[in-house]
Amino acid sequence: MQRHPGQAAVALLLGAFLLLFLVVPVVKVVHVAFSDATGALTLVNFEDFFRTSLFRESFANSMYVAGMSVVFASLIALPLAYFTVRFHFRGAILIQTLGVIPLIMPPFVGAVAMQLLFGRNGSLNLLLDRFFGFTIPIMDGLNGVIFVESIHYFPFILLNLSAALANIDRAMEEAAQNLGASGIKLFRQIVFPLALPGYVAGAALVFIKVFDDLGTPLVLNVTNMLAPQAYLRITSIGLTDPIGYVIAVIMVVFSLAALWASALTLKGKQYATIQRGGGGLAKRRLKPWEQAVAMGLIVLILLVVLSPHVGIFLLSIGTIWSFSVLPDGYTLKHFAEVFAESTGFITNTFLYAGLAAAADVILGTAIAYLILRTRLVGRQVLDYVATAALAIPGVVLGIGYLRTFYGVELPGGQPLATFWVMLVVVYAIRRLPYALRACVAALHQVHVAMEEAAETLGAAKLTTVRRIVMPLMAGGMLAGFVTSFVTAAVELSATLMLVSKNADAPLSYGIYVYMQTAAGRGPGAALGVIAVVLVGLGTYLSNRLIERGRRQYSLEGNNQ
Amino acid sequence: MKRWVFRSLFAMLVFPGLLGTVGAQAADKLEDKLVIVTSFPKELFKAYAAAFEKKHPGTKVEVLNKPTSSGIAYVRETASNPPDIFWASAPDAFEVLKAGKLLQKYETKAKGIPEKVGGYPINDPDGFYKGFAASGYGIMYNTRYLAAKQLPAPKEWDDLKNPIYFGHVAISAPSRSGTTHLTIETILQGEGWDKGWATLMEIAGNYATVTERSFGVPDGVNNGQFGIGIVIDFFGFSSKATGFPVEFVYPKLTTLVPANVAIVANSPHPKAAAAFIEYLLSPEGQDLLLHPEISRLPVLPSAYAKAPAGFPNPFKDTSMGAAVKFDTDVSEARYAMVNSLFDRMITFRLKELTAAWKALHEAETALKKKPNSKGTEQVAQARKLLTAVPVSSKQAGDKSFTGSFKKTKKGKPAPKRQAEIEEQWDSLAKQNYGKAEELAKSAAKLAR
Chain A
1 MQRHPGQAAV ALLLGAFLLL FLVVPVVKVV HVAFSDATGA LTLVNFEDFF
51 RTSLFRESFA NSMYVAGMSV VFASLIALPL AYFTVRFHFR GAILIQTLGV
101 IPLIMPPFVG AVAMQLLFGR NGSLNLLLDR FFGFTIPIMD GLNGVIFVES
151 IHYFPFILLN LSAALANIDR AMEEAAQNLG ASGIKLFRQI VFPLALPGYV
201 AGAALVFIKV FDDLGTPLVL NVTNMLAPQA YLRITSIGLT DPIGYVIAVI
251 MVVFSLAALW ASALTLKGKQ YATIQRGGGG LAKRRLKPWE QAVAMGLIVL
301 ILLVVLSPHV GIFLLSIGTI WSFSVLPDGY TLKHFAEVFA ESTGFITNTF
351 LYAGLAAAAD VILGTAIAYL ILRTRLVGRQ VLDYVATAAL AIPGVVLGIG
401 YLRTFYGVEL PGGQPLATFW VMLVVVYAIR RLPYALRACV AALHQVHVAM
451 EEAAETLGAA KLTTVRRIVM PLMAGGMLAG FVTSFVTAAV ELSATLMLVS
501 KNADAPLSYG IYVYMQTAAG RGPGAALGVI AVVLVGLGTY LSNRLIERGR
551 RQYSLEGNNQ
Chain B
1 MKRWVFRSLF AMLVFPGLLG TVGAQAADKL EDKLVIVTSF PKELFKAYAA
51 AFEKKHPGTK VEVLNKPTSS GIAYVRETAS NPPDIFWASA PDAFEVLKAG
101 KLLQKYETKA KGIPEKVGGY PINDPDGFYK GFAASGYGIM YNTRYLAAKQ
151 LPAPKEWDDL KNPIYFGHVA ISAPSRSGTT HLTIETILQG EGWDKGWATL
201 MEIAGNYATV TERSFGVPDG VNNGQFGIGI VIDFFGFSSK ATGFPVEFVY
251 PKLTTLVPAN VAIVANSPHP KAAAAFIEYL LSPEGQDLLL HPEISRLPVL
301 PSAYAKAPAG FPNPFKDTSM GAAVKFDTDV SEARYAMVNS LFDRMITFRL
351 KELTAAWKAL HEAETALKKK PNSKGTEQVA QARKLLTAVP VSSKQAGDKS
401 FTGSFKKTKK GKPAPKRQAE IEEQWDSLAK QNYGKAEELA KSAAKLAR
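Sequences listed follow chains A and B, in order.
Just so we're aligned: the first sequence equals residues 1 to 560 in the numbering used here.
Just so we're aligned: the second sequence equals residues 1 to 448 in the numbering used here.
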């Protein structure tokens, strides 16, 4: 691989983008972490952090919750991914789509629904209490956080693992079978290790996301974790203590360490396979009873992970739901109330999240290519900087954007910071880590020999990337697009800071406005249902699209 | 430079009067736009935006609904081209903006609004922000929940100390909700620093949770996740109006707090902004507050004539908010310190605190059945540990101590760092609660 001026130019461009829209705005806010009361540079605030037992405890709690969430998320995602990729299944796409839905958790509504189902006096506990005389504190404390985080974020593993499994060369599997491996052994020794980049990408995302996640602990009123401690410090009115920003810096550092550790597990191993177009692993037909067992298991898992969405639906058609197993009555008036005004929200959401996810896939592919295929100095920095976005609270990024871009006026006098395109940029920045991990995992599986072959045949670098690398990465890129898209569609914290016109507002803002009042709960849930259905539909269609493309691709392969 | 040219062009467009070609009549006309930043719920801001647009057809109202803390940050960061109106509940948010020189003084023409409601001044004495509605804190409870658990309805703060309510009560953290802060401060001023904290800590023994958002409390009571919430009145009234099985009562010791409105400094549409405040304070605007989904107390006494039966009237019912002479200077000086102390002693150590109280309640019940002098002594010790705070009332009034929780001005010597003090409180809290639990358990053993 020789040096290429084009590569350096792309790297510089990416670096400039990240610098302008991530590093500068964040530094403008977070710099107080490094200054003392008089504004001089100091590290004393970091000493304070480590000297405070509450923060040490919060740190340990965050680690514990993130680690356990990876374990449980894996337990949910592994069977779903394995069954749908490995066996002929009716409705495999449907299962894959339903498996993504948990990522679309509309703000506030999802929390209320979870409380109504699993809370201390939720449906489940009311039933348990009535029939057996005991209750389970599912939603209390750290275990509650682990429960909610696992069913919320397991799709990261599901998506990346499925994409990786689908990419494994059938020849590997056949060779192993010829040597006598089958069943669990085949999976454990051949299939899973080959899909490891996808799994590691997903698991690292779950770990870092949960470690940095703010929404879930806050909703469950668990404050002894790092992210809520930082958030409470930063957003308390009139509180000017720097420790909140110190925590934010520490979370960034730690998230990057976790990323680095996850990269170590893949280091020095080869995951790429050469033969392509075989359509991935051989799919086996299940015997009827096997089909029934597998189906039963999948339905059970989906029932658990989709229960919040069932709850949201009940909330949206229920009249009053209070201290009872189900709502008192049912009505359609909440939908009628939101229908008229939601069209604007819907178009905005699709526009912003769609553009942001598209940008993420392009940026992610470019960064992945630079990291894995070039020897540019400092290429890893791009990866780390982009991933650091996971640990930046949306509020901090929002304030940073206002501070950096509000003084810049567009032609016509509108400040750049409140121009709707900035919402796209902020979503793209916040969700870039998801697409990036997916793209890196996908490129891990593409053998460099394919590109070398193309170049030997005279293809230019750009042509190779466009005609060879990108089609081979398509599955991973789609996984990246989907995760970025569905999570951008429900982003709230930076949105709240930057929205300056109702006409520009996305669905999440609409839901927020409703969920501030007792009367708004039903309509807010109705908006939530609309968001879930539409974003889910978008995911389903893109899955269909990629599946069709892949089938076509493998047909061509078979004909040759 | 460019910006300046643009601004003046803009000014000429917006204020045609400056061009001198349009008559004086047009100069009185409102601007075509009004931008409001508010933390109020949809029912409230929608009603006012619609009514205002109807009254001033040429002006389009753009409402930005943000949490109070985001609203403050938004106003601060957009100072080069700010919104016109900041409209929110807690006076503390306005104090922060005022201190940042982000508000504009305004004298209202509205008549008939008294100086105080229930002992609390309605308007900012410096003239920056105006109160337009009053609200009082109280106790909201879910009737289904209490019936199912066979609990009596609480009426006073002291009722909430009762061990029968263990795990049934919720509050939002005063550091997160300016109105909750005022309730805490009311109890502290009404009962005195030490006794007040003892009350707060004993009630805290019954907390199911301390929520991060003030709306989290009524939301949880409506859900039935907990039975009793310490909330501001309109949360209770509007939930009931929506149909939830809840009730709301004012305890005797309550302060009425005004919800406020102010014009943002350098507001680009000052006339429309002024007209909006005048509308809020007009008899017509005040009447809107009585709408069941809004349910706030007007500051204009004459507005109560149209109120539905049973609607509280602080101007007639003089007991409301009269039990405490609320001293805003005292409250302001120790504002951040009280919040931090509450968080360290209660919010972040709730698990340890409630476990200790539970053990204490059990020991007390056991001792009642089978008295034991050593046990009684241990219980008294445990109670002392659970109701004391590491700040004396003298320290609480000491500006050099409370100053550690405020931003120091450049060049002044830094006081002891907030982080150091908080760490002391935290380790003390943990130690005290652990010891109290031990003592209580040993007392219970003695009584067995």
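None of these hints come from the bench; they were simulated from the model.
Treat each hint with caution, since some may be false.
Listed next, the stretches of chain B that the computed footprint assigns to chain A, with coverage defined by at least 3 CB atoms under 8 Å from CB atoms of chain A [stated by the list, open to error]: (1) 69-76; (2) 102-114; (3) 139-148; (4) 197-211; (5) 254-267; (6) 363-372; (7) 424-435.
Each computed EDC-like pair below joins lysine to aspartate or glutamate, with the alpha-carbon atoms no more than 16 Å apart [claimed, not checked]: (8) B/K430 to A/D328; (9) B/K351 to A/E337; (10) B/K406 to A/D36; (11) B/K46 to A/E337.
A short list of chain A residues far from chain B (calculated; beta carbon distances all over 12 Å) [said to hold, decoys possible]: (12) V30; (13) S307; (14) F350; (15) V381; (16) A503.
We treat Cβ as the ideally placed atom computed from N, Cα and C, and that holds for glycine.
So, going through the hints one by one against the coordinates:
1. 69-76: holds (count 5)
2. 102-114: violated (count 0)
3. 139-148: That given contact holds, which follows from 4 residues of the segment 139-148 of chain B lying within Cβ reach (below 8 Å) of chain A.
4. 197-211: n = 4 at 8 Å, threshold three: holds.
5. 254-267: With 0 residues closer than 8 Å to chain A, the segment 254-267 of chain B misses the three-residue bar; violated.
6. 363-372: violated (count 0)
7. 424-435: holds (count 3)
8. B/K430 to A/D328: violated, 44 Å
9. B/K351 to A/E337: Answer violated: B/K351 to A/E337 is near 42 Å, above 16 Å.
10. B/K406 to A/D36: Roughly 13 Å between the alpha carbons, so the hint for B/K406 and A/D36 holds.
11. B/K46 to A/E337: OK: B/K46 and A/E337 at ~14 Å, within 16 Å.
12. V30: Answer for A/V30: holds, closest chain B Cβ roughly 14 Å.
13. S307: holds, 16 Å
14. F350: holds, 22 Å
15. V381: Holds: least Cβ distance 29 Å, greater than 12 Å.
16. A503: At about 9 Å from chain B, A/A503 fails to clear the 12 Å cut-off, so the statement is violated.
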